[in-house]
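J.: Let the hints inform the model, and build the full structure from the sequences given.
Chain order of the listed sequences is R and A. According to UniProt numbering, the first sequence is numbered sequentially starting from 1. According to UniProt numbering, the second sequence is numbered sequentially starting from 1.
No lab work stands behind these hints: they were computed from the structure. Since we're looking at a predicted model, the values are computed, not measured. It is possible that some hints are incorrect.
[As the list claims (entries may be wrong)] Covered, in the sense of this in silico footprint (three residues per stretch, anywhere, with C-beta under 8 angstroms from a C-beta of chain R), are these stretches of chain A:
id, stretch
1, 62-70
2, 145-152
3, 159-171
4, 199-207
5, 220-232
[To be verified] Computed Cβ-Cβ distance ranges for the label pairs, DEER-style:
id, chain 1, residue 1, chain 2, residue 2, range
6, A, Asp241, R, Asn12, 40 to 46 angstroms
7, A, Arg169, R, Leu87, 20 to 26 angstroms
8, R, Asp49, A, Leu172, 16 to 22 angstroms
Built from N, CA and C at the ideal position, the CB exists for glycine as well.
Protein chains: 2
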Amino acid sequence: MELLNKHVSIRNFSDKVVDPDLLKSIIYSGTRASTTGNMQLYSVIITKDSKRKEKLLPLHFNQPVAKNAPVLLTFVADFNRFSKWCLFNEAQPGYNNLISFTNALIDTSLAAQNVCVAAENNGLGICYLGTTAYNAKEHIELLELPQLTFPVTTVALGYPEERPELTDRIPLKGIIHDEVYKDYDKAQIDELYAFKESLESSNKFVAENNKQTLAQVFTDVRYKKDDNEFFSEKMMNTLRDQEFFV
Amino acid sequence: MELLNKHVSIRNFSDKVVDPDLLKSIIYSGTRASTTGNMQLYSVIITKDSKRKEKLLPLHFNQPVAKNAPVLLTFVADFNRFSKWCLFNEAQPGYNNLISFTNALIDTSLAAQNVCVAAENNGLGICYLGTTAYNAKEHIELLELPQLTFPVTTVALGYPEERPELTDRIPLKGIIHDEVYKDYDKAQIDELYAFKESLESSNKFVAENNKQTLAQVFTDVRYKKDDNEFFSEKMMNTLRDQEFFV
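T.: What follows is the structure, encoded as structure tokens:
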């Protein structure tokens, strides 16, 4: 499918305004994605206000795209709305737990991806900001998110002012397993990652960071154990504050 | 977008075989979805073998669709492959923690949704089985999943032998929040859920289960607090067994 297969993340946008009705229509397409028990365990916060974008910028680790995009959509796992419906209808909700949070996280992600496909189908460009969950606590304050909600991911959106090249992926056989998972030995890993490691951009990454291997750029620079542990503890505390874990 | 907006879950499939090359091509479209740091934190297990489907059936709480579908795709959050690449390249992975699991869960869900869109675009029908995470432990045994992997969701897939009606969704204004989250009062909740509550199928659900309200069907029958707590503890133990939490 051409549209899906040509997806690239867009980080530079033109000044063209995104029509509010178009925005609603692509979010509607998001709500047509499958959802657990048809509970629709998500909300979408639209950010257009430039002052609020300024405040969100550091929460996205100052990625310029968070400020450049005319629209930010923060996708929020939401058991608040559903639980309120229960409480107003003589029903006792019991959704402050891990499996319910997981269901909401999946629902939210499926809706977000449908929104991205619909956006691109309408000529818009998108970029996921995976930073949202890292700074969930600050998003909750800034976007006034109530308990039993959790910001999962943000999609930056607008009309593209660039046409980046398709990014690399490992060969499909590295993803697919027939019937049972076939674990990888060194030769297979070498083969799967050979193309990625051969890219000029990869070699530049390695050189710039004074590393020996591309994998070290990930473990020592981009996704470090210490950082992962810091943000994991922070996320767990936020989930407790949000009453997802009691 | 017509394709997204007309999505319905398919639970009855014809005998028509899904061409293996078509299957690969739709999974390829899954891999074109955005992914955290281009790490592609997922694997896909293809189940076609009828004996294995028989064994998976109870893990999906005996939903007939799990057996009827010619193909099951189990989408697995996977930090095993990436961590192996690190270990084989003198890099120390540090991904046994909540934020890494969350990144993998989101990556996996985005890929799954792209696969579903690509499948439907090729005339196939799909149904998500949200039961996978509930019985992750048993999936791990049956599909031989290694540590640092976790089965997130399953997509049942084949050529449709039914044309169900579009399911209801709450009005879009119930999902969207401008700039900040606007919490819901009783009048708003009543309005958002009025259509769902008015459906004949909803009233049948309420009557069949001897309940007073539709919300009680969710809290007392379909998604019960006790069950949620049981499966949450099970999931947490499985995440520990899989070394996602140390």
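J.: For each hint given before, does the structure comply? Return the numbers of the non-compliant ones in rising order.
T.: 1, 4
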